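These are the residues of each chain, in order.
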Amino acid sequence: MAINVTRRQFFKLGGAGLASSSLAMMGFAPEPAEASIRQFKLTHAKETRNTCTYCSVGCGILIYSKGDGAKNVEQNVFHIEGDPDHPVSRGSLCPKGAGLLDFVHSKGRLEYPQVRAAGSDEWQRVTWDDALNRIARHIKDDRDANFVQRNAQGQTVNHWTTTGFLAASGSSNEAGYITHKVVRNLGMVAFDNQARV
Amino acid sequence: MTNHWVDIRNANLILSMGGNSAEAHPVGFRWVTEAIEHNNAELITIDPRFTRTGAVAQDKAFIRTGTDIAFLGGLISYLIETDQIQREYVLNYTDAALVVRADFGFEDGIFSGYDESTRSYDKQSWMYEMGDDGFARRDESLQNPRCVYQLVREHYARYTPAMVSSITGIPVDTIDRIWRKIAATAVPDRTMTILYALGWTQHSIGSQIIRAAAMVQLLLGNMGLPGGGVNALRGHSNIQGLTDLGLLSQLLPGYMSLASAKEQDYDAYIDKRAKQPTVEGQVSYWQHYEKFHVSLMKSWYGDAATEGNDWCYEWLPKLERPLYDVLDTFERMSKGELNGYFCQGFNPLASFPDRAKVTRALSSLKYLVVMDPLNTETSEFWKNYGEYNDVDPSQIDTEVFRLPTCCFAEDDGSIVNSARWLQWHWAAQPPPGEARPDTQIMGELFLKVKQLYLEEGGVFPDPIVNLTWDYKIPGEPKAEELAREFNGRALEDLTDDEGNVTRRADEQLSGFAELTADGKTAAGCWIFTGCWTEDGNMMARRDNSDPYGTGNTLGWAWAWPMNRRVLYNRASADVQGRPWGPNKAFVWWSSEQSRWIGADVPDFPQQSAPSEGQMPFIMQPEGVGHLFAAQSMVDGPFPEHYEPFESPVPQNLLHPGKERARNNPAARIFDGDRAALGKPEDFPHAATTYRLTEHFHYWTKHAELNAIVQPQQFVEIGEGLAADIGVVAGDWVKVSSNRGFIKAVAVVTKRMRPMMIGDKQVHHVGIPLHWGFTGVAKKGYLVNALTPFVGDANTQTPEYKSFTVRVEKA
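Sequences listed follow chains A and B, in order.
Residue numbering for the first sequence follows the numbering used here, starting at 1 and increasing by one per position.
Residue numbering for the second sequence follows the numbering used here, starting at 1001 and increasing by one per position.
Quick caveat, the hints were computed from the structure, so don't treat them as lab data.
Treat the hints loosely; a few may be bogus.
Said to hold, decoys possible - Which bits of chain A does chain B cover? Going by a derived footprint, with three or more residues having C-beta under 8 Å, they are:
1. 41-55
2. 145-158
As the list claims (entries may be wrong) - Simulated restraints, written as ranges between beta carbons of each label pair:
3. B:T1033 - A:Q155: 37 to 43 Å
4. B:V1459 - A:A70: 46 to 52 Å
5. A:P84 - B:A1184: 35 to 41 Å
6. B:D1132 - A:D141: 57 to 63 Å
What the hints assert, rightly or not - If you want the footprint, here are the derived chain A segments under chain B, 3+ residues with CB under 8 Å:
7. 75-84
8. 106-116
If you're wondering where the values come from, they're calculated on a predicted model, not measured in any experiment.
Every residue gets a Cβ at the ideal spot worked out from N, C-alpha and C, and that includes glycine.
One chain only, chain A, in its complex shape:
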């Protein structure tokens, strides 16, 4: 009797106390058989549900990370694959999404705040506090100097046009919402995201 076992069911069976290798010998091997080797690699990984960060199809992904959750151990992502339960992507990823792991661990990831001074040709590392204090000072000084409460016609406009903001359509709704809340209440109007282009 042929029994169809998906990789995830197979994984659950294995976790139910039976040795996965003997299951495979009994003919319960998932298709393709090679994938069972990957199951061992993932057995002790933490599985996290996420969504591909690239295009707007919104493919479901499963992120696998190492680390047992102990206080002095940090999770580290080592594998990403498509979520087979997802109704749109059904476990697939495209050539962009297949490289997600290399995006997470890209050599181009920034790790600490930096400042480039006027006329300089290099970066200088700074602390978060230093960077945010200096930026807050720029905001306050420019806003106080250039905020318009009434325009030439005497209309109340309460806006600030000399600083602008581009928001990120790769970020979450929650980041977008708080960004809008802050930016608009500073009075900014030169405010867009990638939807503009």
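Starting from the known structure of chain A, arrange chain B on it as the hints suggest.
Coordinates of chain B only, in the frame set by chain A:
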């Protein structure tokens, strides 16, 4: 998307135009192949290039870039003249029968009300004629020469197959064959879906191309039905969400809009937006605008927002120009009118047109703040990378801050896909080094600014010091807290007409119908209300069951509005509320239950019986779809073909000799940018930018696997052009526009074919855009060195898809 990815499988015909989903949205495209294999559907592609989408299409045409309205306008005329429209649908669900004011007109390529000095229209005459009862006049016979149906007919009569062919470069017999196939979906039980992407938006007539598509779908009766719709395949993973949340210069969350400086009076601001029905008895849902607006104000300002102070209306910034879009902002920046600029996960040096101008603009800033997971070109615009970024740092005085942020794998939250699904995700690891989530950066920065205002005072601190900020850790608002905030909650007990409590104070709201205009509710984004209710986080749901077999998985995540998956789905039933065909049954009236039922959440008042006569397009004051856009577009109520601002064709063949109708007469272009346009004799080749399946914008050149599979910049030219300029595959070519140049390897293919436009042969050049001077792929030139600084008249989205260049051997 009006419909959704899985729903594409229900289509009988798929028109892919202005997009290349096989390469740009490969996994979504699998539902196209599903429709071909299991629904006997046909795929038609219309594109300047032979793409991978075209490679699996049953029929295709090659079109000159920027001429889509000519093709669609001709199609509209063909459908009307051959009477291949879904007549019952058109008569009842569109404005075809409404009569338009007598002073509306169109002559020599210009609509009534044009002012050449301001390049804008007075839209007064673009309106229906109102009867004595205050509602739009109607002619059921569709014979009145001033009814919308007859005006559409007259407008597109000029778009003959011969005319369309001479503009688009598509042979007449191909046009005729494709139009016939599309017209076959006018029957009630067959639908066409239209898939488009940036290939339609990035034109100076981009919004009107999409309008033309919507008109076609209304005439064919394909809106609101499974396998139908006009489907924008959007770019970034959350570009839909940021649009919904209103992070655009003129918007507030949920497609509400900021007031102009002229709108000093709160009541007038609301009245203008709270649109009352213009046809008797229609839903006209925007009439509830004040409930959405007041709930936002309560969400932002809490107790400080009261009826007595117009809910802090004065605190919101007012606009002194229609848009402070990015082209306007970089024009002002290049003239030294900005001091500061923030780029949060945005790389404008690579992404905006006329890179030389962008460099000049950024160099004039006092301070620039870049927040990004990656070292973007923008953050190093001041650094010399030889020919790839030829600048002198000592001459650039901009102070640049670069703040490291999390990527998707390191934060919790929701993103909205192209189908309006809000899907929740969880962090899988901590961010690298000292990188932080954007929510924390914005939170801490705001608190520091607020502290400065509290300590020092300053100009108009009211909205800053009163902004609601009740997060448990003030500097680190959590995604859950923010999601609950934009969903909204009751501030006091809510009651029904009889005084029964329907919602207790502090409970999460379950839908926007609960919002009130009296300050009793708060909601940060009304269209998202329902995403985090008393039942918890609806966006994290994972039930993928499909009980009706239509591909509609209502238990998976949550879609706005109100978890509806197909917009205007009431139109999937006829006037009596019965499905148009058994194979298209989706939402219908149940007389047993006296309500609308079916596979989707009805996009309609649930108990409004068909006999009440309410029509499906509930956001429109008329209750019907608009063939006539009335005053909603800046450049005309009907789409009209105009040439791209840079075109290899010296005149608009619809309006020969009429210079002001050559390009979109209502598109804004700054003087310096007009002067920077090239002439056909110097730049004879039609260029279009595009994306590859292996890369995503300028991100994946930082990812090793993607850099390995597609390491080096190239441009694609046809064999004829290659022979003309003496280039063979693998040679280096220099591609120049009047604004700059790039150098790249030439890929010589049969995929780009010369076209006959009038009596002239035109070659296309395809320019993929994924390279730059940072990342792990080979260094390349930013292709926006070439593109023109002019945008769509309505949205100001730059015309990246149609411009002119000269290609020569490097």
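Here is what the structure says about each hint:
1. For the segment 41-55 of chain A, the proposed coverage by chain B is satisfied: 9 residues have a C-beta within less than 8 Å of a C-beta in that chain, meeting the threshold of three.
2. Here's how the segment 145-158 of chain A fares: 9 of its residues keep a CB closer than 8 Å to some CB of chain B, so the rule of at least three is met and the hint holds.
3. Checked against the given bound of 37 to 43 Å, the beta carbons of B:T1033 and A:Q155, roughly 56 Å apart, lie outside it.
4. Remark: the range hint 46 to 52 Å for B:V1459 to A:A70 is upheld by a beta-carbon distance near 51 Å.
5. For the pair A:P84 and B:A1184, the supplied restraint of 35 to 41 Å holds, since their beta-carbon distance comes to about 37 Å.
6. The hinted range of 57 to 63 Å is satisfied by B:D1132 and A:D141, whose Cβ atoms lie roughly 60 Å apart.
7. With a threshold of 8 Å between beta carbons, the proposed coverage of the segment 75-84 of chain A by chain B holds, since 4 of its residues qualify and at least three are required.
8. Check result for the segment 106-116 of chain A against chain B: holds, 11 residues qualifying (beta carbon to beta carbon below 8 Å, three or more required).
When each numbered hint is compared with the structure, a violation occurs for hint 3 only.
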